[in-house]
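Peer 1: So the sequences go chain by chain: E and Z.
Under our numbering, think of the first position of the first sequence as 1, with each following residue one higher.
Under our numbering, think of the first position of the second sequence as 1, with each following residue one higher.
Careful: at least some of the hints might be erroneous.
Copies of the same chain are indistinguishable here, so a pair counts whether it falls within one copy or spans any two.
[Stated by the list, open to error] Derived pair list, reagent style DSBU-like, types lysine-lysine, alpha-carbon separation capped at 30 Å:
no., residue 1, residue 2
1, Lys271, Lys229
2, Lys24, Lys271
3, Lys24, Lys276
4, Lys229, Lys119
5, Lys229, Lys285
6, Lys154, Lys103
7, Lys103, Lys276
8, Lys285, Lys154
9, Lys271, Lys119
10, Lys103, Lys271
11, Lys24, Lys229
12, Lys154, Lys24
Quick caveat, the hints were computed from the structure, so don't treat them as lab data.
Protein chains: 2
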Amino acid sequence: MIITMAHGSGGAATSELIDEIFAKAFDNDVLNEMEDSAVVPGSGRIAVTTDSFVVTPLEYPGGNIGRLAVCGTVNDLLMRGATPKYLTCGYIIQEGTDSELLKRVANAMAETAAEAGVKIVAGDTKVIEGNGGIMINTAGVGFVPDGVDISATKIAPGDVILVSGNLGDHHATILGSRMNITNTIESDNAPLNDMVAALLENGVDVHCLRDVTRGGLATVLKELSDSSKVTITLEEEALPLNPAVRDFCGLLGLDPLYMGNEGKMIAAVPKAQAEKALELIRSAKYGEAAALVGEVTEGVDGHGDLLVRTAIGGIRQLDVLQGEGLPRIC
Amino acid sequence: MIITMAHGSGGAATSELIDEIFAKAFDNDVLNEMEDSAVVPGSGRIAVTTDSFVVTPLEYPGGNIGRLAVCGTVNDLLMRGATPKYLTCGYIIQEGTDSELLKRVANAMAETAAEAGVKIVAGDTKVIEGNGGIMINTAGVGFVPDGVDISATKIAPGDVILVSGNLGDHHATILGSRMNITNTIESDNAPLNDMVAALLENGVDVHCLRDVTRGGLATVLKELSDSSKVTITLEEEALPLNPAVRDFCGLLGLDPLYMGNEGKMIAAVPKAQAEKALELIRSAKYGEAAALVGEVTEGVDGHGDLLVRTAIGGIRQLDVLQGEGLPRIC
Numbered sequence: 001m002i003i004t005m006a007h008g009s010g011g012a013a014t015s016e017l018i019d020e021i022f023a024k025a026f027d028n029d030v031l032n033e034m035e036d037s038a039v040v041p042g043s044g045r046i047a048v049t050t051d052s053f054v055v056t057p058l059e060y061p062g063g064n065i066g067r068l069a070v071c072g073t074v075n076d077l078l079m080r081g082a083t084p085k086y087l088t089c090g091y092i093i094q095e096g097t098d099s100e101l102l103k104r105v106a107n108a109m110a111e112t113a114a115e116a117g118v119k120i121v122a123g124d125t126k127v128i129e130g131n132g133g134i135m136i137n138t139a140g141v142g143f144v145p146d147g148v149d150i151s152a153t154k155i156a157p158g159d160v161i162l163v164s165g166n167l168g169d170h171h172a173t174i175l176g177s178r179m180n181i182t183n184t185i186e187s188d189n190a191p192l193n194d195m196v197a198a199l200l201e202n203g204v205d206v207h208c209l210r211d212v213t214r215g216g217l218a219t220v221l222k223e224l225s226d227s228s229k230v231t232i233t234l235e236e237e238a239l240p241l242n243p244a245v246r247d248f249c250g251l252l253g254l255d256p257l258y259m260g261n262e263g264k265m266i267a268a269v270p271k272a273q274a275e276k277a278l279e280l281i282r283s284a285k286y287g288e289a290a291a292l293v294g295e296v297t298e299g300v301d302g303h304g305d306l307l308v309r310t311a312i313g314g315i316r317q318l319d320v321l322q323g324e325g326l327p328r329i330c
Numbered sequence: 001m002i003i004t005m006a007h008g009s010g011g012a013a014t015s016e017l018i019d020e021i022f023a024k025a026f027d028n029d030v031l032n033e034m035e036d037s038a039v040v041p042g043s044g045r046i047a048v049t050t051d052s053f054v055v056t057p058l059e060y061p062g063g064n065i066g067r068l069a070v071c072g073t074v075n076d077l078l079m080r081g082a083t084p085k086y087l088t089c090g091y092i093i094q095e096g097t098d099s100e101l102l103k104r105v106a107n108a109m110a111e112t113a114a115e116a117g118v119k120i121v122a123g124d125t126k127v128i129e130g131n132g133g134i135m136i137n138t139a140g141v142g143f144v145p146d147g148v149d150i151s152a153t154k155i156a157p158g159d160v161i162l163v164s165g166n167l168g169d170h171h172a173t174i175l176g177s178r179m180n181i182t183n184t185i186e187s188d189n190a191p192l193n194d195m196v197a198a199l200l201e202n203g204v205d206v207h208c209l210r211d212v213t214r215g216g217l218a219t220v221l222k223e224l225s226d227s228s229k230v231t232i233t234l235e236e237e238a239l240p241l242n243p244a245v246r247d248f249c250g251l252l253g254l255d256p257l258y259m260g261n262e263g264k265m266i267a268a269v270p271k272a273q274a275e276k277a278l279e280l281i282r283s284a285k286y287g288e289a290a291a292l293v294g295e296v297t298e299g300v301d302g303h304g305d306l307l308v309r310t311a312i313g314g315i316r317q318l319d320v321l322q323g324e325g326l327p328r329i330c
C-alpha cells in the first residue's frame, strides 16, 4: 500500500492506516482504548520531554528512525534519573511512502519501547505532500524516584567526566549511508536504562547526566561548563573511538568531538567514585567501551570553559558546534 | 532573520534560535532550566496525549498554527475530564522560514497556553529543507481528578448529544483562505477548559466528551456509536451553523457534518440532565451557540449506527468520512 493524502483525512482511510500498522505494532491495553488521551497511573514527581526526528536516510546500519525516536526520548528522561514510563508518538508521513517501510519503522519502535520498558500510550498521524518520507515526534513521561536530583547545574569542581562509549558512531553511520560508503560502522542508537539504573541503584552520587547527541561531546560539555561555571578539561587520548570511525574521520577530516551519537551519555561523578562508576557502566548494556575522559575544576573569572589536552601535550579551547554540522542526523 | 539548516545543528545557531524566539515566548521557571527533560509535580492519575499540526496556511482568520497546536492537545486532555497541566512542543521548521513568522506563532502558543492554564515545559527544534514552513507537535499531560471517568465506551441509550457550538468554522476558514475568498468566517480554534469545568463542577454526569476535529461531527459520532454499540440519531434542523458558513457550504456543496472544527466538542449526558448541561455550556466561554442535536438509543443487532433525521422528515444513515476531506486542515 502506498500512503495517499486520504490517509491523513481523519476518516476511514486514517482508521485503516492506524488499525493496519500502528495498532498492530504498538498493541497494548491503554492505546487500544483509542481515546482522545490516555489515562494512566501517575507519580508524585514526573519527568516530561519531547524530541522530533527527521533523520535521513530513514533506515541505516544498526537502526531506523523508529528505533531512534524511542531512544532519543527515553534517554532524555533517563538523564534526569527518571524511570521512563510512557511515550506518545506523532507521525508526519509524506504521501508516496510505502506502507511496508512504515511497518518496519513502527515495529522497530515497538521493539525498542519494549527494550526500554516504556508503553506507547498515545499517537497521531498526519499526511503531507511529498514523495515518501517519515518524520516522528515522541514525547515521554517518566517517574522521578524520591531523592533523585540530577541536573546540569550540579556538576562541580572535583568531578570527573565519564563517557559511556565510543564517540561519533551514529554520525559516521548517517554520513556514510548518504555517501554510499561501505564499512563496518553501525549506529549506536540505544536506550541507556541499564547503565543509569546501575549507577543509581549502587549508590553512585551522580551529579549530572547528559546524552551526547547533535553537536557532539564538545557541544554538550561546553554547555554544561557554561551552566555550572566550571572548567572541564578533556584528555584527547582518553576519548573512546571505534577504529573504523577513527579511520572514517581521518579520511574525511571530521572531528569526533563534534559528531553526534544516539546511545551515549556523559556522567559527572565525584572523583572518589570514578572507578566504581566506570566499572558499573562498563558492566551495563551498551557501556563496555566507557572511559574516564576529563576532569572538572573551578571556573576562571566566573565563567565556564571547555579545554582539551591534545596527544602531544598542548591545551586547546573548545566551543560549541558552529555552523551546520550534519543536517538531519536525528 | 531567515532560518537556515545551521539552525538545526544542535550547536551555536540552534541555541541562538531557541534563546531569541522560544525561550522568550515561553519563558517559565521549568523551561528556563534547559535540561534534557523537565521535572515537575505529578499526580496519581494522569492523562497523556499528542497531536502534530501541519495546517496550511500557517496563519488564517482567527488564529495560526501556534494557537491551534495548543488548543488541539489541551482539548484532547479535557475530553477525558483531565485538568491540562503541561505541554511539550516540537518544532520542525523548513529552511527559508522568516523568524518574524516564527515569533508570531510562538507568541500565539504562549498566549493560548496561558489561556488554557498549561505550562510549556519541554521543547525541541529541527530544521529540514524547503522554502519556509512550520510543523508543530505538542504532547500534553493533565491530572485526572478522583472519581472522574469519561470515556467513549460510556455513552448509553437514554443519553442526549450536545454540541458546544457552530459546526465547520475552522474547515471553512482554512478552505476559504486557500481559495482567497473574502468573508467574515473565522476559525473557532479555542481551548475548551471553561465549559468542561462548568459541567464537571456542577455535578453533570458526563458520560462522554469528544472534540470535533478532522472528519467532522459525523465521523466523531459514527466512531462513538461503533465503540458503544448504540444508535445515535441526529436532528438535521438542530445542528448549529454560523449563517456565513451555511452560505459557504451551499456555494461549494460542502456538508457541515464532515467539516472539522478546532474548538467544539460533543457531550453525551443523561436526558434528565440535558437542559442543565446545555445551560452550563452556553454560559461558558466559547459555548454560546451550544445545542442539543441528537439522542442515543439501543443499538440494532449489536452494532452501532449514526442516523440523521433530515429537515423534510426522512432518515439517512451516515458513515465516517470517506476519501481525502480537506488535507492539512490541522
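Peer 1: Now look at each hint and say whether the structure bears it out.
Peer 2: Verification of the hints:
no.	hint	in the structure
1	Lys271 with Lys229	within (18 Å within a copy, 64 Å between copies)
2	Lys24 with Lys271	neither (48 Å within a copy, 38 Å between copies)
3	Lys24 with Lys276	neither (43 Å within a copy, 42 Å between copies)
4	Lys229 with Lys119	between (38 Å within a copy, 28 Å between copies)
5	Lys229 with Lys285	neither (32 Å within a copy, 48 Å between copies)
6	Lys154 with Lys103	neither (42 Å within a copy, 32 Å between copies)
7	Lys103 with Lys276	neither (42 Å within a copy, 48 Å between copies)
8	Lys285 with Lys154	within (26 Å within a copy, 45 Å between copies)
9	Lys271 with Lys119	neither (37 Å within a copy, 38 Å between copies)
10	Lys103 with Lys271	neither (47 Å within a copy, 44 Å between copies)
11	Lys24 with Lys229	between (49 Å within a copy, 23 Å between copies)
12	Lys154 with Lys24	between (43 Å within a copy, 25 Å between copies)
When the structure is compared with the earlier hints, violations turn up for hints 2, 3, 5, 6, 7, 9, 10 and for no others.
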